[in-house]
Structure formats: structure tokens, C-alpha cells
Amino acid sequence: MSEGNSYQQDNPIMKRNLLLCVDAFGTLFRPRSPIAEQYGSVARSMGVTISDDEVAKSFKTAFKEVSKSYSNYGKATDMGARQWWTEVITKTFQPHHPGPLPSSLTPNLINRFWSKEGYTAFPDVLSYLRNLSSQPSRLPSASPRLVVGVITNSDDRVPDVLSSLGLRVNHLRHGSKIEKEAMQEQPQTDIDFCIMSYDVGCEKPSSEIFDAATSMLGSILAAEGTEFEKQDWDLLYVGDEVKKDAQGAIQAGWDAVIVDRGGEKDLAYEGDAPGVEGFIEVEGKQVVILDSFEALGSFGGYGLLEIE
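Going left to right, the sequence shown walks through residues 1 to 308 as UniProt numbering numbers them.
Read the hints as simulated data drawn from the structure, not as lab findings. The structure displayed is predicted, hence computed values, not measured ones. Do not rely on the hints blindly, as some may be mistaken.
Below, in silico cross-link-like pairs of lysine-lysine (DSS-like), each with a Cα-Cα straight-line distance of 27 Å or less [to be verified]:
no. : residue 1 : residue 2
1   : K91       : K60
2   : K75       : K243
3   : K230      : K243
4   : K60       : K116
5   : K57       : K243
6   : K75       : K230
7   : K64       : K177
8   : K68       : K243
9   : K91       : K75
10  : K75       : K60
11  : K177      : K243
12  : K116      : K64
13  : K243      : K285
14  : K244      : K68
15  : K230      : K244
16  : K244      : K60
17  : K116      : K91
18  : K285      : K60
19  : K75       : K177
20  : K68       : K57
21  : K57       : K75
22  : K75       : K64
23  : K177      : K91
24  : K230      : K285
25  : K285      : K244
26  : K68       : K91
27  : K244      : K116
28  : K230      : K64
29  : K91       : K57
30  : K91       : K64
31  : K116      : K75
32  : K285      : K57
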């Protein structure tokens, strides 16, 4: 392969059905400001004397401690994500505050990071997904068909965060029971389902979490009266990390694309297609690095991602 080869040359525009799944944190949205700064600002407004550096160090210790005691955000013990985060927040601030913590501190921080108050969407996300949702390929009767999902290492906050940021999210998730009648009444959505490690019980790069997405696709199609035939579908995962996102997807039998969100990428080849910064080799496959999320519509990999 020579420098400058475009993705489209090796991967001609597909005409088959496409399942597009996307990472959430770091790809679709990010904190409005560093989490330690937000934690510190809220705590100080309630009378807790603590610096942002102290918050960062204490939070890291608390997170590790609670994760060790209650894995997967407490799902296995039925603790639930809210109580899990209550433990983390308490252990973060209690060493720096004599006496009981302010009663409103924990609910304030939990609610902040369950919504757009704590997070903001990357500027290239909302318009592209909204435009993509209006394409003819997004209709259940379409041929070829495009289905859009999220696969993320997270607790169950993600659908609410995405909705708060302005995306129309179908709250189908791993383990959901899908009724045919309910599917027929579903309004138009930008995200058809969310697969979270909290529900599946494992994290990327495990193939199991990607398999949960194809299983969800099969359930959706079955509720619509059709069957999932793997040979008729292309599977594409988009994220911002090489190991968890690209490597995990490829090991699960998917294709992968990386969106450059500011991390350093060791490009093996420079790109020459619209929006393509270059390529890297992952698990023996060529993975394209895009300069923005909306470049999915122009880089030449999948025709169904183009905006008509």
C-alpha cells in the first residue's frame, strides 16, 4: 500500500444494509469543563474547602476503591448507578470536610452529570446525526437500510445525557423486550438503541459488547417482521480510541473508523480523501482517521452515510 491511498480505493462504497454504532463519551460528547473543576466548583459553593487538584487526586482514589468493592457501577449487587456514584462522591469529599457533607452536594453532582449541565456535544455531532436520521435509508421499509446505535463503556446515564444534549434517542437497551406494536408507534429517532457495559456486564474491547449490538439489531428487525441475515449487513463502529474502539470492533468482526478528538495518532499513511487525516493498521486491517464526526458523510467509505 502506498502513501496517499484513499479509503474508498480499498473499500468501495457499500450498497448493503449498514449498522452504524458509535462510542459516546469522547466521541459524541465531552465534559463542559474538566470534571475535577466542576466537582470542586459545586463543592466550594456549598462550603466545602477543597482545591481542584485535591478533588482530582481524591476522586481518582475514590473511584478505584468503589470500583474494586462494587464492580460495573454496582450492577451485580443491585446497588444501582446512582448509589454507586453517591459512594464515589462521598469518598471524594469526606476526607477534606469535617462533619457531614452538605445534603445537596451528592444529588447536585449526580444530576449535573446525568445531563447537558455537565456535558456538551461536540459541535460536529448533532447536525450530522439529525440530517442522517432524515435519510430514506433510516425508514424500516428501506432497502438498503441504515440503523444507528451507541456502544459505550458506561452506566445507564448515557441515553439521558444524549437526550439532554438534543438527540432523539430510542431508549432500547440490552435486555429490553421489544414489542412489535411499540416499534410501529416509535417516532423518528437519531439513535435507535444504546448498548452499555452496565447492562451487558463487560466492557470494550470485549467482543461480547459488540455482539450485544448485533443481537439488538436482530430483535429490532424481528419486531418489524424481518430477519437479521449477517451476510446482508455491514457493521461499522466509530470511536476515538484505538485499543477499546478500533481494536475491539475489528476483533468482533466489525469495521472501524477513528474520529480525531485531539489525541495523538501514529498514522501509518496520510489520507487524500475528504475529511481523512490518514490511516493506521489495527489487527492487520486499515483503519481510517477522520478529522471530524461529520466527515463520515464524505470520506468515501459507506454510501449510506452520505447526506442527500
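How the hints compare with the structure:
1. K91 to K60: holds, 10 Å
2. K75 to K243: holds, 25 Å
3. K230 to K243: holds, 25 Å
4. K60 to K116: This hinted pair holds, its Cα atoms lying about 23 Å apart.
5. K57 to K243: holds, 26 Å
6. K75 to K230: Distance of about 31 Å is beyond 27 Å: violated.
7. K64 to K177: Roughly 34 Å separates the two Cα atoms, so the pair is violated.
8. K68 to K243: holds, 23 Å
9. K91 to K75: Holds, at roughly 19 Å.
10. K75 to K60: holds, 20 Å
11. K177 to K243: violated, 32 Å
12. K116 to K64: holds, 25 Å
13. K243 to K285: Distance of about 13 Å is within 27 Å: holds.
14. K244 to K68: holds, 21 Å
15. K230 to K244: Roughly 23 Å between the alpha carbons, so the hint for K230 and K244 holds.
16. K244 to K60: Holds, at about 21 Å.
17. K116 to K91: holds, 25 Å
18. K285 to K60: Given pair K285, K60 is violated - Cα atoms ~35 Å apart, limit 27 Å.
19. K75 to K177: holds, 19 Å
20. K68 to K57: Between K68 and K57 the Cα gap is close to 17 Å, so the pair holds against 27 Å.
21. K57 to K75: holds, 25 Å
22. K75 to K64: Judged against 27 Å, a Cα distance of about 16 Å means the pair holds.
23. K177 to K91: violated, 37 Å
24. K230 to K285: The given pair, whose Cα atoms are some 20 Å apart, holds under the 27 Å limit.
25. K285 to K244: It holds: about 15 Å lies between the C-alpha atoms, which stays within 27 Å.
26. K68 to K91: Holds. K68 to K91 sits at ~14 Å (cutoff 27 Å).
27. K244 to K116: holds, 25 Å
28. K230 to K64: violated, 39 Å
29. K91 to K57: Status holds; Cα separation ~11 Å.
30. K91 to K64: holds, 11 Å
31. K116 to K75: Roughly 24 Å between the alpha carbons, so the hint for K116 and K75 holds.
32. K285 to K57: The given pair, whose Cα atoms are some 39 Å apart, is violated under the 27 Å limit.
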